[in-house]
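Participant: Sequence:
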Amino acid sequence: MNLVLWVVAALLAAAFLFSGLFKLVLSHEKYVAAQDWAEDAPRWAPHAIGVVEVVGAIGVVLPAMAGISPVLVPLAATGLALVMTGAVAMHLRRREFHALVPSGVLLVLAATVAWGRFGPYAF
19 MNLVLWVVAA
29 LLAAAFLFSG
39 LFKLVLSHEK
49 YVAAQDWAED
59 APRWAPHAIG
69 VVEVVGAIGV
79 VLPAMAGISP
89 VLVPLAATGL
99 ALVMTGAVAM
109 HLRRREFHAL
119 VPSGVLLVLA
129 ATVAWGRFGP
139 YAF
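For the sequence shown, our numbering begins at 19 and goes up steadily by one.
Simulated from the structure, these hints should not be mistaken for lab results.
The model shown is predicted, which means the values in this text are computed figures rather than measured ones.
Ideal Cβ placement from N, Cα and C applies to all residues, glycine included.
Please note that a few of the clues may not be correct.
Pair ranges (Cβ atoms, derived) [unchecked claim]:
id, residue 1, residue 2, range
1, L110, F36, 19 to 25 angstroms
2, E47, F136, 19 to 25 angstroms
3, R111, G85, 37 to 43 angstroms
4, M83, G104, 35 to 41 angstroms
5, E47, V22, 29 to 35 angstroms
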C-alpha cells in the first residue's frame, strides 16, 4: 500500500502542478475563455487557486522525498482534497456535470493520500 500511496501522490503532484501552472501562466481573459467557471469568479480567484495547487503539488511529495517534515504530506493532501471539494460543489452549482468526473477523481485520490499518510501508512 505504501507504493500505491507514492504513485497516487506522484499523480496528484503532476495533475495539480499542471493545473496550477495553467491558472498562473494564463491571463485572466485567456483563462476565462478556457474555463467557464472563472467568468463568475473574482479576477484573483484563478491565480489564488493556482498558487494553492502548485504549493499542494509540491507538498504532497517533496517533504517525504527529502525526509524533512513528512507530516506535511497528509496536510498538503488534505488541502488539495478541500480545494477539490470546492471544485465539485462549484461544478454542481453551475450544473457543469462534465467537470465532475475529473474533479471527483482528484478529490478521492487526494483524500486517499491524506487518509493513508495520516493513518496506517504514515511516515
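Participant: Confirm or reject each hint.
Facilitator: Hint-by-hint comparison with the structure:
A hinted range of 19 to 25 angstroms for the beta carbons of L110 and F36 is consistent with their spacing of about 23 angstroms. Checked against the hint of 19 to 25 angstroms, the C-beta distance between E47 and F136 comes to roughly 40 angstroms, which is inconsistent with it. The hinted window of 37 to 43 angstroms between R111 and G85 holds, with their beta carbons roughly 42 angstroms apart. The supplied range of 35 to 41 angstroms is broken by M83 and G104, whose beta-carbon atoms lie about 28 angstroms from each other.
The hint said 29 to 35 angstroms for the Cβ distance between E47 and V22, and at roughly 41 angstroms that hint is violated.
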